[in-house]
Every structure is written in structure tokens, then in C-alpha cells.
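Chemist: Sequence:
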Amino acid sequence: MLTLYKSFLFFILFPLITCLPFSHADSNEQAGDKLLSVQSFERLEEGVEEFVLDNGLRVLFYTRDVAPVFSGVVSVRVGGVNEVLGKTGASHLFEHLAFKGTPEIGTSNYERERELLKELEKLYGKSDFGEALSSEELAMKTSLLDELNRLWRVEEFTNLYRKWGAHGMNATTGKELTNYFTSFPVTSFEFWCWMESERLMRPVARQFFKERDVVIEERRGRYENSPSGKLYEHLLSQAFQRHPYRNPVIGYEGDIRRIQPQDVLDLHKKYYVASNIVVSIVGALSSDQALPIIEKYFGRVLRGPRPEGPTEIEPKQNGEKRFTVIHDAEPSLFIGYKKPVYPDPQDVAISLFLEYAMGSRVSPIFRELVLEKKIASSLGFFEAPSVAYPNLAVIYGEPTASHSNQTLLRAFDKSLRELLQQEVPAEELTIIKRTLMKNAMLGLVSNMGLAKQLAELEQQFGSWRVMFDWYSQMLAATPEEVRSVAQELLTKKTRTVGFLSRKDGNL
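According to my numbering, the sequence shown is numbered sequentially starting from 121.
Derived from the structure by calculation, the hints contain no laboratory data. The beta-carbon is built from N, C-alpha and C at its ideal position, and this holds for glycine as well. Watch out, some of these pointers could steer you wrong.
Unchecked claim - Straight line, CA to CA, 27 Å or less: simulated BS3-like cross-link-like pairs of lysine-lysine: (1) Lys207 / Lys242; (2) Lys330 / Lys283; (3) Lys330 / Lys494; (4) Lys416 / Lys441; (5) Lys350 / Lys613; (6) Lys350 / Lys612.
Said to hold, decoys possible - Derived DEER-like restraints, expressed as beta-carbon distance ranges: (7) Gln542 / Glu165: 33 to 43 Å; (8) Ala521 / Lys389: 48 to 58 Å; (9) Arg442 / Glu169: 21 to 31 Å; (10) Ser255 / Ile446: 53 to 63 Å; (11) Glu165 / Ala449: 40 to 50 Å; (12) Asp448 / Pro412: 55 to 65 Å; (13) Ile446 / Ala187: 49 to 59 Å; (14) Ser228 / Ser357: 56 to 66 Å; (15) Glu224 / Leu253: 30 to 40 Å; (16) Glu166 / Pro412: 19 to 29 Å; (17) Gly167 / Ile413: 19 to 29 Å; (18) Ile446 / Lys416: 54 to 64 Å.
The task is simple: from the sequences and hints, build the whole structure.
Modeler: Take a look at the structure:
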């Protein structure tokens, strides 16, 4: 889970051409590295403090007194899986609005703004659902926008953050989570608590229709006009029949065009409640210093029941699926295998096998297809689309100019079939485990890296401690277990194959 869950864009932009071979070391060095990693994890586990505010909001805290700075993450358990058809993209659109301010931040006259927004929303509501506006209504729409633009101070929220020393301010929306994060000098801690709690509690659908248009263009850039994005979106829609993993987080264009401000505010009301929020802080602050300030501001967030996740159960797949996406681009393919997720022990085993098979330039399948036979120009794997529900292990490849997608698929299947008949070398598996442990620790070196990891694991699995359990499972996995799980999961009957081609025919 933690090793396989690699960024989709990373594999699109840098598909394993930069991977370095695993370095070999004697057993003493390997044992020392393993001990160092385990000890580092133990120190980390001992240092994390947990608090639950009276309203149910959870706080994770880790003091790292290296420089007078901190990183803060506000994680809300809402994303694409919580949306219904017809309103896909609502979570992501709200994330955009969260930077537009509050009743006090972003406007010179909120009472007047609120009146104007009501009138503007009525007009858009008519035109969005096919009713033509009269010339008088069109003129009124222009007049409303002109006055609103004079009232709005839409950059005030971000400008205030910059004024107080914010660094790396951003937000992301995924399948299950929406995260808001930034780093600050410790002297700005109370300011950060105030700003974040304000936008959690009192958002305004300011510039909603402009942001809706921005999201539509964003969707076109990421999916319609992106060969890999288009193929990825089709892969999820084909692989998943019922589970909302099949729907894009950014939303379908038809849904985005019709979604209304009240739809987004209704989503906020349901999901932006204290019991559904985790705040993670890492930096040069003690909990004794920080907790009273956290309680002062985040303690104001409204209580509410923790919303349930999706209940749709994906039916078992009993046959290979294939599809072709036509796009004016070089051919490529995705092969998505259904797989369980943590805490199922098969998650660890399949992660280790794929690292062994194609995780580096010296891995058997990568070496054969890319370096020796030159059938593929790139080859890699990633986990998609997220990790809270059973998902996909996705193989990504591009054939060289003299080969086709079909040739690459046949070569991959042959190479995989032969590899599954062989034992996984114990020495190679030890090296992989050691490398993964090192990489895991490197990912936690920065304040932001640790803060994000803590918040996301707490939200998706109910406890940030799963990182230690997953790696304990990994260290205990045997070559026999790894091979056996790979033989069970990497079968044609549970996979979906997508081809990107300039013309039909799966070329």
C-alpha cells in the first residue's frame, strides 16, 4: 500500500527511465540498515501525540525542533467517492472556493454581496438547465457581475497567507480526502489556526461560476486533451462497474456545467464537521504551547455525525476486459489488475512482487522488455485510484516505434508467466525491503511529508499507526508468500486492459 501508492503523474512523466538498480550490500550492512529503519520508526511512533477536541476534531502533533517553522495539514474525509452521479466534482469545486475567503475576508461588503449572489445564482440556474435568458436578464447578469467585481477582494485570503510567511500553500482533492496544507514560521501559528478554522466554518460561494469554468478547462487539460489522462479515466470507468472509484474526482463535464452553489454548500454542511476532520502539525512547537490555540479556533468547528463512506460493493470480475481509446498520440497501454488493500496481507505481497518484477532497471521484466529486447520504451506500475477500498495494480507501458501495443502486451504476458513460475530470490527480496524502508524514512524527513502522511493515514485507515504495521508485514513477508499471492492476483480474468491508439484495432 504505502510503497505501491505512487503518484499517477510521476509514472506518466518519468516512467522508470530514472530508476536506479538496487545496490547490493553484505549481510552486515543490510542488517544495520534494517535496524536503523526500525529504530527510526520506533522513535517516530513514540513522538506522535494525539488529541481529540470536545467537538470531536482529531489533532496529531509531532515536535521537530530543527528550525523555527511548522507545517500544517487540515484533512477532511470527503472526495470523489462521496459524490452522486449528476453532482460529480462537487468536492473539488469546493476546494477551489475555499481560497476565496469568508464573510470577513475577500469582500468589502458581505451583506450586499450576499444579496447580489442570490440574484446571480437565479439567473445561472435558469440558463444552466436550458432556459434561455431574456435580453433584460442578460443585462441584469452583466450588471450583477460588474457590481460584485467591485466588491470582491478575491486574492485577499492568499495574500494574507503570503504576508504572514506562508510557504507551499496548496490543497488537493482525491477519491476520499480533501487536504489543505502550508508551512509557516512558528510566529504565525495562531494566524494559521484562525484562517483555517474560518474557511472550514464559513465559506462563501464567491466567484463560483468563474471557478466552475476554470474546472471545466482543467478537466479538458487533464483528460480530454491528455492521452494518458484520457486512457486513465477510461481504465477506471471500465474496471469498476458500481464502486464510485469509477468516477473522476474532477467530475464529468456535464455534471460540472450544471452543478450549483447550493450543491457545493450542501456537501460542505454534511462533510465539513469536526468528527470528519483531522489536523496534523509537525514542527518547532510543543503541544503545551499549541493545544490551547488549537482548541480556541478549531474547537469552534461545528459538531456533527461522521458521515459514512460509500456502500456500493464492486462485483467480482470473472473475465478480462479490453477497450481502446483513440487519440492522436504515441501508443501506450494500461493493464489494471484487481487487488485488495491493507489490512489484507495480500496488499503487502503484491507490492513486493511488483517491485521485484519491474521496480528498477535491473528488475527482470523491465530489463527484458526495455533494455534487452527493446519492445517497450518505458514500463512501470502504480496503484490506483486510491487505497481505502479494493483497487488496481496498474502496469503502464509504451511500445517502441517498431512494435505495437499488442506486441508489448503479448511480451509482457509471456515474461510475467515465466517469472511467476520461478522462485522469488530471497536475497533480492531482502534488498527490496531494505530499499523500501529507506525510501519510507526519506518521505518523512520533511515536516510537510510527515504531516501529510499522518493525516492521510488517520483518515483513510482510522489510525496513523498503520504505517508501522504495514512495514512490519512487509519485513515478515517470505518469498513463497510473495510469489503465491502474485500467482493468484495477476491473472487475466481479473484484469482490464486499455490501449491508446491513433486508430481503432488495439494497435
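Chemist: For every hint, state whether the structure bears it out.
Modeler: Now the hints, each set against the structure:
1. Lys207 / Lys242: holds, 18 Å
2. Lys330 / Lys283: The hint holds at about 26 Å.
3. Lys330 / Lys494: Violated. Lys330 to Lys494 sits at ~48 Å, over the 27 Å cutoff.
4. Lys416 / Lys441: Roughly 54 Å between the alpha carbons, so the hint for Lys416 and Lys441 is violated.
5. Lys350 / Lys613: Answer holds: Lys350 to Lys613 is near 24 Å, not above 27 Å.
6. Lys350 / Lys612: holds, 23 Å
7. Gln542 / Glu165: 33 to 43 Å: Holds, since Gln542 and Glu165 (Cβ atoms, about 37 Å apart) stay within the stated range.
8. Ala521 / Lys389: 48 to 58 Å: Hint holds: Cβ distance 54 Å, inside 48 to 58 Å.
9. Arg442 / Glu169: 21 to 31 Å: violated, 51 Å
10. Ser255 / Ile446: 53 to 63 Å: violated, 42 Å
11. Glu165 / Ala449: 40 to 50 Å: holds, 46 Å
12. Asp448 / Pro412: 55 to 65 Å: 59 Å Cβ-Cβ, so the 55 to 65 Å window holds.
13. Ile446 / Ala187: 49 to 59 Å: 52 Å Cβ-Cβ, so the 49 to 59 Å window holds.
14. Ser228 / Ser357: 56 to 66 Å: Given a distance of about 45 Å, which is not inside 56 to 66 Å, the answer is violated.
15. Glu224 / Leu253: 30 to 40 Å: holds, 33 Å
16. Glu166 / Pro412: 19 to 29 Å: Since the Cβ atoms of Glu166 and Pro412 sit about 24 Å apart, the hinted range of 19 to 29 Å holds.
17. Gly167 / Ile413: 19 to 29 Å: holds, 20 Å
18. Ile446 / Lys416: 54 to 64 Å: holds, 57 Å
When held up to the earlier numbered hints, the structure conflicts with 3, 4, 9, 10 and 14 and fits the remainder.
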